[in-house]
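In the order they appear, the protein sequences are chains C and U.
The numbers in numbering that gives the first Met the number 0 rise by one with no breaks, and the one at position 380 of the first sequence is 379.
The numbers in numbering that gives the first Met the number 0 rise by one with no breaks, and the one at position 550 of the second sequence is 549.
Heads up, a few of these hints could be off.
Claimed, not checked - Using 27 Å as the maximum straight-line C-alpha spacing, the simulated DSS-like pairs for lysine-lysine come out as follows:
hint, chain 1, residue 1, chain 2, residue 2
1, C, 272, U, 51
2, C, 272, U, 91
3, C, 237, U, 91
4, U, 541, C, 237
Claimed, not checked - A short list of chain C residues far from chain U (calculated; beta carbon distances all over 12 Å):
hint, residue
5, 72
6, 153
7, 202
8, 268
9, 332
Simulated from the structure, these hints should not be mistaken for laboratory data.
The beta carbon of each residue, even a glycine, is placed where N, CA and C say it ideally should be.
Single-letter residue listing:
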Amino acid sequence: MNNPKAAGRLRKGGRSREAKGGRSAEARPARMQMTDMDLPFFVLVMLLVSMGLVMVYSASYANAFYRFGDSYYFIRSQLMWAALGTLVMLLTARFLTDRLLRMAVLPTFVFSIATLVLVLFIGTVKYGAKRWLFGFQPSEVAKFAVILAMSWLICRQQKKMNTLREGILPCGALLVLFCGLIALERHVSATVLVFAIGAVMMFVGGAHLGWMLGFGVTGVLGVAGIILVSPHAMERMKIWLDPFLDPLDAGFQTIQSLYAIGSGGLFGLGIGKSRQKYLYIPEPQNDFIFSIACEELGFVGALLIILLFVLLIWRGFTIAFKAPDRFSALVSVGIMSQVAIQTILNIGVVTNLVPNTGISLPFFSAGGTSLIMLMFEMGILLNISRRTRR
Amino acid sequence: MSEQGRKNTALAGTMQRRMMFLLALLVGVCFLAILARLFQVQILQHDYYQAKAIDQQVRDTTVAPRRGTIYDRNNIVLAMSASTETVYIAPKSIRNQEEAALIARELSRILGVSEETILKKTAANNYYEIVKRQVTKELADEVRLLKKEHNLAALALAEDSKRYYPYGSFASHIIGFTNIDGKGIEGIESYYDDVLVGMPGRIISAKNAKGTDMPFRYEQMISAQHGYNLVLTLDEAVQHFIEKHLENAVTEYNVQNRATAIVMDVNTGAILAMATKPDFDLNDPRVIKDEALLAELAQLEGEEYDKRQMEIWQSMWRNKPIVDTYEPGSVFKIVTTSIALEQGVVNPHETFYCPGYKIVAGRRISCWKAGGHGSQDLLKGLQNSCNPVFMELGARIGGAAFYQYAEALGLRHKTGIDLYGEAAGIFHRQDVISKGQVEVAVTAFGQTFKVTPIQMITAISACVNGGKLMQPYLVSKIVDDEGNVIKDFEPVVKRQVISEETSNKVASMLEAVVANGTGRNAYIKGYRIGGKTGTSEKIDEKNEQGVADKRISSFCGFAPADNPQIAILMILDEPQVGQVTGGLIAAPVVRKMFEDILPYLGLMPQYTEEELASLEKSVPDVTALPVEKARATLREAGFTPQVVGQGTEVLEQVPRAALKLAKGGKVLLYTELEETSYSAEVPDVRGLSAEAAGEKLSRAGFNLRATGKDITEQNVTAGMQFPAAGDMAVVGSVVEVEFIHEAESEWVAVSGVENAG
Numbered sequence: 000m001n002n003p004k005a006a007g008r009l010r011k012g013g014r015s016r017e018a019k020g021g022r023s024a025e026a027r028p029a030r031m032q033m034t035d036m037d038l039p040f041f042v043l044v045m046l047l048v049s050m051g052l053v054m055v056y057s058a059s060y061a062n063a064f065y066r067f068g069d070s071y072y073f074i075r076s077q078l079m080w081a082a083l084g085t086l087v088m089l090l091t092a093r094f095l096t097d098r099l100l101r102m103a104v105l106p107t108f109v110f111s112i113a114t115l116v117l118v119l120f121i122g123t124v125k126y127g128a129k130r131w132l133f134g135f136q137p138s139e140v141a142k143f144a145v146i147l148a149m150s151w152l153i154c155r156q157q158k159k160m161n162t163l164r165e166g167i168l169p170c171g172a173l174l175v176l177f178c179g180l181i182a183l184e185r186h187v188s189a190t191v192l193v194f195a196i197g198a199v200m201m202f203v204g205g206a207h208l209g210w211m212l213g214f215g216v217t218g219v220l221g222v223a224g225i226i227l228v229s230p231h232a233m234e235r236m237k238i239w240l241d242p243f244l245d246p247l248d249a250g251f252q253t254i255q256s257l258y259a260i261g262s263g264g265l266f267g268l269g270i271g272k273s274r275q276k277y278l279y280i281p282e283p284q285n286d287f288i289f290s291i292a293c294e295e296l297g298f299v300g301a302l303l304i305i306l307l308f309v310l311l312i313w314r315g316f317t318i319a320f321k322a323p324d325r326f327s328a329l330v331s332v333g334i335m336s337q338v339a340i341q342t343i344l345n346i347g348v349v350t351n352l353v354p355n356t357g358i359s360l361p362f363f364s365a366g367g368t369s370l371i372m373l374m375f376e377m378g379i380l381l382n383i384s385r386r387t388r389r
Numbered sequence: 000m001s002e003q004g005r006k007n008t009a010l011a012g013t014m015q016r017r018m019m020f021l022l023a024l025l026v027g028v029c030f031l032a033i034l035a036r037l038f039q040v041q042i043l044q045h046d047y048y049q050a051k052a053i054d055q056q057v058r059d060t061t062v063a064p065r066r067g068t069i070y071d072r073n074n075i076v077l078a079m080s081a082s083t084e085t086v087y088i089a090p091k092s093i094r095n096q097e098e099a100a101l102i103a104r105e106l107s108r109i110l111g112v113s114e115e116t117i118l119k120k121t122a123a124n125n126y127y128e129i130v131k132r133q134v135t136k137e138l139a140d141e142v143r144l145l146k147k148e149h150n151l152a153a154l155a156l157a158e159d160s161k162r163y164y165p166y167g168s169f170a171s172h173i174i175g176f177t178n179i180d181g182k183g184i185e186g187i188e189s190y191y192d193d194v195l196v197g198m199p200g201r202i203i204s205a206k207n208a209k210g211t212d213m214p215f216r217y218e219q220m221i222s223a224q225h226g227y228n229l230v231l232t233l234d235e236a237v238q239h240f241i242e243k244h245l246e247n248a249v250t251e252y253n254v255q256n257r258a259t260a261i262v263m264d265v266n267t268g269a270i271l272a273m274a275t276k277p278d279f280d281l282n283d284p285r286v287i288k289d290e291a292l293l294a295e296l297a298q299l300e301g302e303e304y305d306k307r308q309m310e311i312w313q314s315m316w317r318n319k320p321i322v323d324t325y326e327p328g329s330v331f332k333i334v335t336t337s338i339a340l341e342q343g344v345v346n347p348h349e350t351f352y353c354p355g356y357k358i359v360a361g362r363r364i365s366c367w368k369a370g371g372h373g374s375q376d377l378l379k380g381l382q383n384s385c386n387p388v389f390m391e392l393g394a395r396i397g398g399a400a401f402y403q404y405a406e407a408l409g410l411r412h413k414t415g416i417d418l419y420g421e422a423a424g425i426f427h428r429q430d431v432i433s434k435g436q437v438e439v440a441v442t443a444f445g446q447t448f449k450v451t452p453i454q455m456i457t458a459i460s461a462c463v464n465g466g467k468l469m470q471p472y473l474v475s476k477i478v479d480d481e482g483n484v485i486k487d488f489e490p491v492v493k494r495q496v497i498s499e500e501t502s503n504k505v506a507s508m509l510e511a512v513v514a515n516g517t518g519r520n521a522y523i524k525g526y527r528i529g530g531k532t533g534t535s536e537k538i539d540e541k542n543e544q545g546v547a548d549k550r551i552s553s554f555c556g557f558a559p560a561d562n563p564q565i566a567i568l569m570i571l572d573e574p575q576v577g578q579v580t581g582g583l584i585a586a587p588v589v590r591k592m593f594e595d596i597l598p599y600l601g602l603m604p605q606y607t608e609e610e611l612a613s614l615e616k617s618v619p620d621v622t623a624l625p626v627e628k629a630r631a632t633l634r635e636a637g638f639t640p641q642v643v644g645q646g647t648e649v650l651e652q653v654p655r656a657a658l659k660l661a662k663g664g665k666v667l668l669y670t671e672l673e674e675t676s677y678s679a680e681v682p683d684v685r686g687l688s689a690e691a692a693g694e695k696l697s698r699a700g701f702n703l704r705a706t707g708k709d710i711t712e713q714n715v716t717a718g719m720q721f722p723a724a725g726d727m728a729v730v731g732s733v734v735e736v737e738f739i740h741e742a743e744s745e746w747v748a749v750s751g752v753e754n755a756g
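Bound conformation, chain C alone (with noise of 0.2 Å):
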């Protein structure tokens, strides 16, 4: 796909969309005004984003102070990325473009697949995944590489994607590129995470669905059998059936989650109230802060905090239908997916629904990387926003 007949319909496209957008412009000056945005999803993000602040802060103290002997340390960088996010955010929806965006598809997918590769010699090793490189992951600038890329390739191939030949091969091989370095990692969150993601793309983009499900069987019982013969993963099925078959090491994550949302309640401890965050829980202003909001907030907390992100989705998916073309759509589907399937799946996770996994939920779970990415692509959804039809 990386051949010059490629690069010349991406040209191609990017003319035709600056085209139109000068001729849009001119015939309705009013529509670049920042107002235009589409301002529920903007409260519901900032709204997140400030949850988010709160549940960082009420999550982290303690851990802070033991590990740091200062209790502020992780939401002072949480702060200051989330005002970065914030104005990341508020420069893509205002100077974004859809020329741009489609300029940046190349260069993205270059830089994704170069840091990927880079980060299997020179990253650093945590949880036993070799997934950081200079202080940021990879993985997580290729979630938006990959929506990007297949945004394109789907574009591209608009008319064969309910082909094999033409659909659903170079998609897929697309995928397993970004799949098989991210899985080279030992990232298995994140493996799963953009698989779904591109899956999801190609279900939206009009592939095949006989092949698409063929290939899903055939991948669910690839990886059945990988389990299968996996002592690992055998074991980690098995802590997940019962976590109090290690309730002091492999199970000791969900099992301690379970209890912070078990005591929880109906209307929790009260915010600030956690008990499972002195020491309990691992790092509990990261994947697991889901947990203490559950303790904190009860049944009642989550169930509006899951309302909130069910509300974002599907304003964000109101954005998608109602985006200026294919591109922008496919784009808007994509980061909506990833923000709703890494929800699901961190609350899923904490929860024990599926089996634990290292995924951190959007807008809530301390770090840098993640937390500017998701603000910048939401940036991306405001500023297509701006640019629906009418």
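Start from chain C and add chain U according to the hints.
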């Protein structure tokens, strides 16, 4: 353009349908599933997870209450708890192997627990492993220092307490002891455990996963309520007196099956002292002192060892005076006399004749004196402890009445003393004694039934205190730390059993027994003592030849006879010396006890003129005086001075000043440094008359100090002496010789029952 637009729209149609489907899938299925799961965990399983979470988040520390103190009746501490500490480790908080090794090594050094044991504990997978309990404050501080020095988070201390018994083996069977958890398991400690123990307090605090308290903590404290203190009726001094004499008696008479004594306030039932010898150390109740038993144990291994050890402990801890029963023998004649007088079946002036036996229902039952006592009245019969007289009384009282009185005097039931394990005794069944003439006859002189010593002394107290059967008790008050009385135990009169008049008669008759009967070895100059001897056969324990050869020698005395205050019952179970009658060996021991106890209780001797004349005097201090002056002082005081050396000044005197010495006793005065005191072997004077003993000692250079019976009386010979014959002692010092009445003493005649049959 339009074509492309149309295509776009067509494809967008598919895309929009698929997007709708995707949205529905994400929201309708995935998010709903998540919500359902959250509902399950947070609402349905809330209680389960909450309990589990709280269980791990909360540290519920029990604050041990301080166990109450046990005082004697003069508030002398007999048992107290000192606060100590438990040293424990949290193995999960140990950071690495080096730290574990350091902890094991250092704790082993400080606490004396083996390094290996501690190392094993450091490997445990929890937060609480006790290394040592009841660690003193000093050692605990050392542990604290260690913790601070090496920043050992895994090392911790908690309050606990240790029971201390300041007097060790003193009153061990009565006070009892506690186990390592502070629960009373013997004696008063056990009976009043719920009073002494108090209410534990709790500290509920939050802890983090490392087991340390959180800086942001929620804490709730329920303070411990200390246990109440007990004030016993026991008198520390009285207890010491009887223990001293009882212990001597056990050694002297080679008592095989332990000896016991009870001192009771006859008017209230309060126990002033109660002792069993040999005993054990309350601070180390599991240490076996008996070397024979230790040797036996050393032969055993494993289960057998444990079993035998437990048996030995049980018998060592057995509180003989209330748990063991015995045949009271002639001491019981006090009861028979009381019943006979109360029933009016005997006239004090009527004459009985003892031919040395009595035929009861065709059986010949012997008197202890083979030739018989001849004619005698009731008083003489009691003084002689003549069995035929009492068989006659028994027959006159009759089995039915005897049974009723035994019941009324509490011989058929537990006394209800505040100790666990009391036995009820074994008295004849009503139907048996009502018909059986032989049973009544033998019962009348105290054989064929068993009572506990506490039952016996309680019944005898009733016979001499004016007829009231008292409830014996050991605790007089329960008080709190501020001294407020929580509960006051008043004496309890169970019932009036005999009239005051009868009781007075019995008391004065018993005084005559001591003054001039089988109990005369219990006589003390200046005091009016009443009492009765007893020598019983253990008829249920026969030797290989089928002869019941084991004896129990006992004596029960009370004083003052005209106004009884205290009674002492002492029992020597299986003494092994030549003569084992109560009159010969038990009465002198009780006399010694009275000699110490009565003045202590403020009952001063009232001497007759005759008694005054023979009293000993204290040797005056003549050291540092010129020889002539010293000689004069001693002569004036009634002693015989003997100067050793050529000096002009007395450098040393033997016996030293303040020692009691009989009139005319020899006092050596040393006047030269070279001529200091020298030692000589003490001669054996046992069996000699007072005169002969004095002469023999004097020849060897010693002074005689006569104790026991009045040496002016007939048939008095030397018994025990101290220092013992053959020992080396400083010439001029006092040799204490106890004189006893070598006269006839009663002997039990139960064997005669069998012979007659």
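> Quick check: which numbered hints come out false for this structure?
Replying inline: 4, 6, 7, 8 and 9
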